[in-house]
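Protein sequence lines, in the order shown, are assigned to chains A and H. First residue of the first sequence: 1, per our numbering; consecutive thereafter. First residue of the second sequence: 1, per our numbering; consecutive thereafter.
If a hint is listed, it holds; no wrong ones were tucked in.
Not close to chain H: a few residues of chain A, all C-beta gaps over 10 Å, as computed: (1) His12; (2) Val13; (3) Asp55; (4) Ser63; (5) Ser85.
For lysine-lysine, the following DSSO-like pairs were computed, each having C-alpha atoms within a straight-line distance of at most 30 Å: (6) A/Lys42 x A/Lys59; (7) A/Lys42 x H/Lys9; (8) A/Lys42 x A/Lys58; (9) A/Lys42 x H/Lys14; (10) A/Lys69 x A/Lys59; (11) A/Lys78 x A/Lys57.
It should be emphasised that the hints constitute simulated quantities derived from the structure, not laboratory data. Beta carbons: idealized from backbone N, C-alpha and C, even for Gly.
Spelled out from the first residue to the last, the chains are:
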Amino acid sequence: ILNVEQSPQSLHVQEGDSTNFTCSFPSSNFYALHWFRWETAKSPEALFVMTLNGDEKKKGRISATLNTKEGYSYLYIKGSQPEDSATYLCAFVDTGRRALTFGSGTRLQVQP
Amino acid sequence: NAGVTQTPKFQVLKTGQSMTLQCAQDMNHEYMSWYRQDPGMGLRLIHYSVGAGITDQGEVPNGYNVSRSTTEDFPLRLLSAAPSQTSVYFCATVGGGTDTQYFGPGTRLTVL
Chain A
1 ILNVEQSPQS LHVQEGDSTN FTCSFPSSNF YALHWFRWET AKSPEALFVM TLNGDEKKKG
61 RISATLNTKE GYSYLYIKGS QPEDSATYLC AFVDTGRRAL TFGSGTRLQV QP
Chain H
1 NAGVTQTPKF QVLKTGQSMT LQCAQDMNHE YMSWYRQDPG MGLRLIHYSV GAGITDQGEV
61 PNGYNVSRST TEDFPLRLLS AAPSQTSVYF CATVGGGTDT QYFGPGTRLT VL
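Isolated chain H, as found in the complex (with noise of 0.2 Å):
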C-alpha cells in the first residue's frame, strides 16, 4: 500500500514549455486535491476532484488543467509554464471515513 505517490520528485522547466506532473493513490479515494505552497501564503487549493469525471476549481487554478479519467489518477498539466508556476506542488486525497486528508510527498518545480 504506498498510499499517495507523485512524480517527479524535482523538476526545472523553462519558461513556455509544458509538463504534467502526476499524483496516484491506491486507497480507492473518491476525494483528490492539488496545492501549491508558497512562502507566506501557506498552501492553496489548484483544483479538486470528488470522483471520477469530476473535477472544479480551487483559489489559484490559472494556468493549469486537471482530468479525472480513474479513481487512481489525478494528474496536473501546466499549458505553459512561467516563473510565477515556481513552487512546492502536492497531491492529496480524503478518504477513510474519518475525512483524514493524505498528503503525497510533493513535487518541486523550478520554472526559469
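Next comes chain A alone, as it looks inside the complex (with noise of 0.2 Å):
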C-alpha cells in the first residue's frame, strides 16, 4: 500500500491571508503527482497534473511545485477568498498503474 500523507488536515484562514498545504509520496516509482479541489456533494475537480521534478503550475491565485527526488509538493493560495474554501486532495500515481492512490486531503475554510 502506497503512503501518500497531506498536512494539516485542516486549516481555518481570515480572507486575503495566504495560505499552504503539503503532499508527501514515495520517492520511488514516481509517474504523476494529482491536485484536486473537492467541494462538499461534488466530485473532485482536477488542478493540476505533475510530471517533473522542479515542476511549477498555476492557476490563477493557486499554484503547485513538486520535488519528486524528495517526495514532496506544495499547493499555494495566494489571497485566500471564501470561495476557495474546499478540500485539497493529492494523489500519487507510480509508473506501475494509471490509479491514484489519495492523500486524506486538507480542508481549507476561509473565514469572510
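Both chains are given apart, each in its own frame, so use the hints to dock them into the complex.
Structure follows, in C-alpha cells:
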C-alpha cells in the first residue's frame, strides 16, 4: 500500500491570507502527482497534474510545486477567498499503474 | 459529450442484496477506476482497468467485482452487500494526453 500524506488536516484562515499545504509521497517509481479541489456533495475537480521534478504549475491564485527526489509537493493559495473553501486532495500515481492513491486531504475554510 | 456518468445517484440496499453501479464515459479513455469515499480516509481505490478486457484490484477490492467488456462501460458489482459498504462511490477516467482525471458525479449507497 502506497503512503500518501497531507498536512495539515484542516486550516482556518481569514480572507486575504495566503496559505500552503503539503503532500508527501513515495520518492520511488514516480509517474505523476495530482492536485484536486473537492467541494462537499460534488466530484473532485482536477487542479494540476505534475510529472517532472521541479515542475511549477499555476492557475489564477493557486500554484503548486513538485520535488520528486524527496517526495513532496506544495500547494499555495495567494490571497484566499471564501470561495476557496474546500478540501484539497493530492494523489500519487506510480509507474506500475495509472490509478491514483489519494491522501486524506486538507480541509480549508476561509472566513470572510 | 456527457463525460463520465454514473447511475444510480442514490441507492439503499438491504444486507445480502446484490447490485451493479454503472459507469459510462464517452471520451474514449482507456483507463477507468472505481473509488470509494469514507470519512477520514479520503478516496480509496477499489478496482481499475487499463483497457477493455483488462482489470486489476486496488486497495479495497473485497466484496466487489468489475468487468470491462467495452471501452465505454466499467460497472462495479456488489455481490452481497454489507453495511461496511455504505459509502459514496466515484468512477473516474484518465485521458486526454495530459493524464487528467475526470470524475463522475458519484453514487451514494446505503446498506441497511
